[in-house]
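Residue-level listing of the chains:
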Amino acid sequence: MTRELDGTRLVTPAMIAVVVILATVPFWIQAIGLYQYLAVEILIWAIYAFAFNLLLGTGGLPSFGHGAFFGIGAYACGLAQMHLGAGLWLSLIAALLAATLAGAFVSAFVARRRGIYFALMTIAFGQIFWFIAMKARDITGGEDGLLPIARPPVGIGGTGIDITGNVAFYYFVLVIFALVLVLFWRLTHSPFGRVLAAIRQSETRAGHLGYSVLAFKMAAFTLSAAISGMAGGLFAMAQASAFPDVMSLHFSGYIVMMVLVGGGFASFWGPLVGVLVFFVARDVLGAFTSTWMLWFGLLFVTVILFKPEGIAGLAQDVAKRLRKGDRENERPVAATAVDAGS
Amino acid sequence: MTLVPFVIDGLTLGLLFALIALGFMLIVGVMEQINLAHGSLFALGAYLAMVLLGPNPPLPAALAEPWLALSLPVRYVATLIIAPALVGLFSIVIELAMRRTYGKDPLFGLLLTFGAALVIEDSIRAIWGTRDYALTTPDAMSGGFIALGLIWSTYRFYAAGMALLIIVLTWLLIEKTRFGAIIKAGAHDSEMVRALGYDLSKLRIAVFALGTALAAVAGIVMAPLWGIRPHMGVDAVVPAFLIIVLGGVGSFWGAVVAGLMVGLVVGLTSAFASAWALLSMYILLIVVVSIRARGLFGKKSVLEA
Chain A
1 MTRELDGTRL VTPAMIAVVV ILATVPFWIQ AIGLYQYLAV EILIWAIYAF
51 AFNLLLGTGG LPSFGHGAFF GIGAYACGLA QMHLGAGLWL SLIAALLAAT
101 LAGAFVSAFV ARRRGIYFAL MTIAFGQIFW FIAMKARDIT GGEDGLLPIA
151 RPPVGIGGTG IDITGNVAFY YFVLVIFALV LVLFWRLTHS PFGRVLAAIR
201 QSETRAGHLG YSVLAFKMAA FTLSAAISGM AGGLFAMAQA SAFPDVMSLH
251 FSGYIVMMVL VGGGFASFWG PLVGVLVFFV ARDVLGAFTS TWMLWFGLLF
301 VTVILFKPEG IAGLAQDVAK RLRKGDRENE RPVAATAVDA GS
Chain B
1001 MTLVPFVIDG LTLGLLFALI ALGFMLIVGV MEQINLAHGS LFALGAYLAM
1051 VLLGPNPPLP AALAEPWLAL SLPVRYVATL IIAPALVGLF SIVIELAMRR
1101 TYGKDPLFGL LLTFGAALVI EDSIRAIWGT RDYALTTPDA MSGGFIALGL
1151 IWSTYRFYAA GMALLIIVLT WLLIEKTRFG AIIKAGAHDS EMVRALGYDL
1201 SKLRIAVFAL GTALAAVAGI VMAPLWGIRP HMGVDAVVPA FLIIVLGGVG
1251 SFWGAVVAGL MVGLVVGLTS AFASAWALLS MYILLIVVVS IRARGLFGKK
1301 SVLEA
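Chains A and B, in that order, give the protein sequences. Residues in the first sequence are numbered from 1 upward in steps of one, following the numbering used here. Residues in the second sequence are numbered from 1001 upward in steps of one, following the numbering used here.
Hints should not be assumed to be uniformly reliable.
Claimed, not checked - When the alpha-carbon atoms are kept at most 27 Å apart in a straight line, the in silico DSSO-like pairs for lysine-lysine are as follows:
| hint | chain 1 | residue 1 | chain 2 | residue 2 |
| --- | --- | --- | --- | --- |
| 1 | B | 1104 | B | 1176 |
| 2 | A | 307 | A | 324 |
| 3 | B | 1202 | B | 1176 |
| 4 | A | 307 | B | 1104 |
| 5 | B | 1104 | A | 320 |
| 6 | B | 1202 | B | 1184 |
What the hints assert, rightly or not - Not the full set, but computed from the structure, chain B residues with beta-carbon under 8 Å of chain A:
| hint | residue |
| --- | --- |
| 7 | 1072 |
| 8 | 1073 |
| 9 | 1074 |
| 10 | 1107 |
| 11 | 1276 |
No lab work stands behind these hints: they were computed from the structure. For every residue, glycine included, the Cβ atom is placed at its ideal position computed from N, Cα and C.
Same shape as in the complex, but just chain A (with noise of 0.2 Å):
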């Protein structure tokens, strides 16, 4: 079975044997000395790292404020807890909605801009929601935050399954972990994806063969607006509480370094490696150093230095040299992503 073909699939083996692996995870992640909320703050941050690369390593779109998303989803889903008294569907909706909305007004500024323009635009309208976060204490409760967020149980009016617990919550997270995996699969290796695929290379090419680019960056800022938001949502239901700091501008930063640094510009599984080495460095690093930023952010210039196609360009390299001899003719996988360097 060659990869041409993984490309029209649902579902693809790599996937099945993911999601697999990460199921067996609550079972041994306390045995190599982490702990199971590590596990969920992976999954959501991973899935938001899958929709943050619908725009960076795809259509080659820049988002530096994506926190801004997220932050919104976060303090919608408590919001609608407190104020409409939303169970758990209604909660999450309310999270992809509010940053649907939030992602389409931004997009209809920033979908006309390009490269660096495009960063400073997005990294203005997150600071924008930041402070507004920060100063509408009535609504978000400033730098306090926004408390308690519960975690209703799985089901259809209040009874259910219920996921309070860490392991439970991590089973439900990774069902929607899974169906975000189909999601952005199908996308990227769809009309839509290849369209995006040929803006990055060349918006004047892309426009001269007919193709709306504003309305296929539109397009793409808001989907992944919109999950970014439904992951927030998800975060501020694992933390129990919304807060300013993930839309701040370091925050937006982060999204983008854990993405780069797993190789999101070579390889559709480059984001969720990223986050993984985010977070398990963070909690490794952090238990020697209170400044283990410092040791990320040089991992990250050594990373944009020497190969900006991250660990999964890394890894294929050294998965290309050791296959060489046998299959001569196997297309590299980053043959249809990327050229990181143009």
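Fit chain B to the known structure of chain A by using the hints.
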């Protein structure tokens, strides 16, 4: 309520914002590189000045004694030169690393300097902790005076005057000197400048060091107003890039006018809703950029591609 004090406050703030954006503008305009480490270098300048002007400068005893024997105003002026020079020298490391990204998507330069910003900021935390420090300044600059029936802070006017002076000096350097002519030509047509026998890589180092030294000067001037803490870098870099986009990338007077505009808008907003004052600058940016995509005085730039 008269708006005069808010306008004056806004204009002084605007000059300071223009000063903060100055070095950033120089690097964007000449090298077409976004330096997101600008804020961290701004903070580094303030910390170095704080150490140099403090009671225990980290100097060998032979140097520390004569240094401390100097009067505070003399030490202050010397610090205003020494600290930015150190920051400028240090930033050469960043420029040398950044070379690997030249010719690639400008996004890589932005990402590289974002990483550098995190590293510098956390190094500051590791060395000086997270507490607030105050900068020792000569007595003549502190205190206040009464005019128009209101109390004004002396330092604010000193800082605004300082900003104006540095803006004018930078303009003279770019417009009236041979060095300025070469770097402007280098931005316009690097091949030609190289063909004329100028070492482009040395020019880039010089421009980058100058831009970051200006960041450090701004940090020292702002330190008594904002306080010295690790987060001050983020507080500086965001208005800086905002002013550049507002004024138009590569336009000197665009940056100055945008700085004044932002200051005025923030000053006037604080007259009516002080908690929301800083939000007004983002709204100003979005309004202006929606009407004029390249900012007030912007030209076409490679950064758009």
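>> Does residue 1074 of chain B hold up as a contact with chain A if the rule is Cβ-Cβ below 8 Å?
In response: Nearest chain A Cβ about 35 Å off; hint violated.
>> So if I understand the rule, the pair passes when the alpha-carbon distance is 27 Å or less; does residue 1202 of chain B with residue 1184 of chain B pass?
In response: The hint holds at about 14 Å.
>> Would the hint linking residue 1104 of chain B and residue 1176 of chain B be met if the CA-CA limit is 27 Å?
In response: With Cα atoms ~32 Å apart, residue 1104 of chain B and residue 1176 of chain B exceed 27 Å; violated.
> Taken at face value, is the distance from the CA of residue 1104 of chain B to the CA of residue 307 of chain A at most 27 Å?
Replying inline: Given that 27 Å is the threshold and the Cα spacing comes to 13 Å, the pair holds.
>> Min Cβ distance, residue 1107 of chain B to chain A: is it shorter than 8 Å?
In response: This interface hint holds because 5 Å falls under the 8 Å limit.
> Does the interface hint hold: is residue 1072 of chain B within less than 8 Å of chain A, judged Cβ to Cβ?
Replying inline: 33 Å, violated
> Does residue 1104 of chain B pair with residue 320 of chain A here, judged by a C-alpha cut-off of 27 Å?
Replying inline: 25 Å, holds
>> Restraint: residue 1276 of chain B near chain A, CB-CB cut 8 Å. Satisfied or not?
In response: 6 Å, holds
> If you draw a straight line from the CA of residue 307 of chain A to the CA of residue 324 of chain A, is it 27 Å or shorter?
Replying inline: Cα-Cα ~21 Å, so holds.
> residue 1202 of chain B and residue 1176 of chain B: Cα distance at most 27 Å?
Replying inline: At roughly 20 Å apart (the allowed maximum being 27 Å), residue 1176 of chain B and residue 1202 of chain B satisfy the hint.
>> Hint validation: residue 1073 of chain B versus chain A, beta carbon distance must be below 8 Å. Holds or violated?
In response: Violated: closest Cβ of chain A sits about 36 Å from residue 1073 of chain B, beyond 8 Å.
Hint violations for this structure: numbers 1, 7, 8 and 9, all remaining hints satisfied.
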